[in-house]
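Respectively, the protein sequence lines represent chains A and B. Per our numbering: the first sequence ends with 179, consecutive numbering throughout. Per our numbering: the second sequence ends with 179, consecutive numbering throughout.
By construction, these hints were calculated from the structure, which means they are not laboratory data. Treat the hints with care, as some may be off.
Put simply, identical chains are the same to the list, so a pair is met inside one copy or across any two.
Stated by the list, open to error - Pairs of lysine-lysine residues, derived as DSSO-like cross-links and limited to a Cα-Cα distance of at most 30 angstroms, are as follows: (1) Lys92 x Lys9; (2) Lys56 x Lys19; (3) Lys19 x Lys73; (4) Lys73 x Lys92; (5) Lys67 x Lys9; (6) Lys9 x Lys19; (7) Lys142 x Lys18; (8) Lys67 x Lys160; (9) Lys128 x Lys160; (10) Lys29 x Lys128; (11) Lys160 x Lys19.
Protein chains: 2
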Amino acid sequence: MKYGVAAFPSKKLQDIANSYRKRYDPHYELITPHITLKDEFEANGAEIKDIVEEMAKIAKRHTPFKLHATRVSSFSPVTNTLYFKVEPVQEILELHEDLHSDFFGGMPDYSFVPHITIAQKLSDSEHSDIFGQLKMAGIDHEETIDRIHLLYKLDDGSWTVYDTFRLTGDEQ
Amino acid sequence: MKYGVAAFPSKKLQDIANSYRKRYDPHYELITPHITLKDEFEANGAEIKDIVEEMAKIAKRHTPFKLHATRVSSFSPVTNTLYFKVEPVQEILELHEDLHSDFFGGMPDYSFVPHITIAQKLSDSEHSDIFGQLKMAGIDHEETIDRIHLLYKLDDGSWTVYDTFRLTGDEQ
Numbered sequence: 008m009k010y011g012v013a014a015f016p017s018k019k020l021q022d023i024a025n026s027y028r029k030r031y032d033p034h035y036e037l038i039t040p041h042i043t044l045k046d047e048f049e050a051n052g053a054e055i056k057d058i059v060e061e062m063a064k065i066a067k068r069h070t071p072f073k074l075h076a077t078r079v080s081s082f083s084p085v086t087n088t089l090y091f092k093v094e095p096v097q098e099i100l101e102l103h104e105d106l107h108s109d110f111f112g113g114m115p116d117y118s119f120v121p122h123i124t125i126a127q128k129l130s131d132s133e134h135s136d137i138f139g140q141l142k143m144a145g146i147d148h149e150e151t152i153d154r155i156h157l158l159y160k161l162d163d164g165s166w167t168v169y170d171t172f173r174l175t176g177d178e179q
Numbered sequence: 008m009k010y011g012v013a014a015f016p017s018k019k020l021q022d023i024a025n026s027y028r029k030r031y032d033p034h035y036e037l038i039t040p041h042i043t044l045k046d047e048f049e050a051n052g053a054e055i056k057d058i059v060e061e062m063a064k065i066a067k068r069h070t071p072f073k074l075h076a077t078r079v080s081s082f083s084p085v086t087n088t089l090y091f092k093v094e095p096v097q098e099i100l101e102l103h104e105d106l107h108s109d110f111f112g113g114m115p116d117y118s119f120v121p122h123i124t125i126a127q128k129l130s131d132s133e134h135s136d137i138f139g140q141l142k143m144a145g146i147d148h149e150e151t152i153d154r155i156h157l158l159y160k161l162d163d164g165s166w167t168v169y170d171t172f173r174l175t176g177d178e179q
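Let's have the full structure, built from the sequences with the hints guiding it.
And the structure:
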């Protein structure tokens with residue numbers, strides 16, 4: 008089964024993101040607005056038990072972190088994806104690193120850019136048009152994220168939350 | 008903000024439900040297949056803290072329960088909604104009751120019919136046509152539910168999981 012790890016921002020920030028996603032993101036229906044902390048990975052029933060245990064340990068080592076969405080940015084020319092850039096504070100980078108320890112198979116090949124996707128799979132002309140508009144509209148929103156979720160993927164590509172882990176910092 | 012409580016069945020049962028929902032349920036995009044344990048209710052930030060505490064207590068009093076989807080049924084003539092009927096075992100009835108204690112404002116006016124919706128908002132002719140087909144196809148699926156989720160509703164009607172509670176039975 009396919010799993011992933013994400014944090015969901017507050018209703019307020021999700022509503023803002025969705026006001027764009029509903030028009031510009033074909034994944035709008037598959038999951039509510041989120042920050043991906045660990046991309047899709049495969050695990051079986053036995054493995055996921057260990058992963059849940061490991062995530063519980065990780066959540067105890069991390070405290071809630073500040074999510075500061077600072078501006079609209081683009082992954083172009085790699086992909087025509089627009090997103091709310093999330094300030095890469097130390098806490099979120101360390102959380103991402105712990106979710107890519109040797110236990111989890113190590114770090115990904117690409118560098119981690121914390122973000123909330125608001126548009127994707129745009130044509131080149133759509134991309135330049137919409138990026139211009141959204142960059143002008145901008146974003147400047149700050150809040151606290153105090154939990155992360157382990158999700159699994161259904162056959163239709165949608166995601167269901169399997170478990171929730173509070174960032175308590177109990178065992179820092 | 009609007010909250011609700013639901014249990015998500017396994018990927019297998021969700022995939023089966025979605026094979027119907029994608030065609031027959033306009034709420035398909037808003038939430039993955041689920042059993043509603045507590046309908047939409049309003050709570051503010053202070054109230055939701057107490058509710059989370061209360062739900063944590065409830066989860067400790069309840070053990071995982073058997074979900075047995077036994078057949079396709081309809082809420083007609085009340086609404087043209089089709090669903091997988093879930094056997095109303097004692098454990099799920101008691102869990103529902105605990106989620107409707109005086110703390111939560113008491114029991115709803117209607118009786119609780121545990122179910123997973125697979126089609127809704129059908130016209131009368133669609134309803135009778137599709138009900139005939141799905142009744143023939145039927146369902147007979149059994150599994151264990153070991154957790155419930157507290158969700159909140161976004162402005163577009165979609166639901167995000169806020170917290171997960173494992174039914175541990177630690178304090179039965």
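message: Checking each numbered hint in turn, tell me which of them this model violates, lowest number first.
response: Structure breaks no hint.
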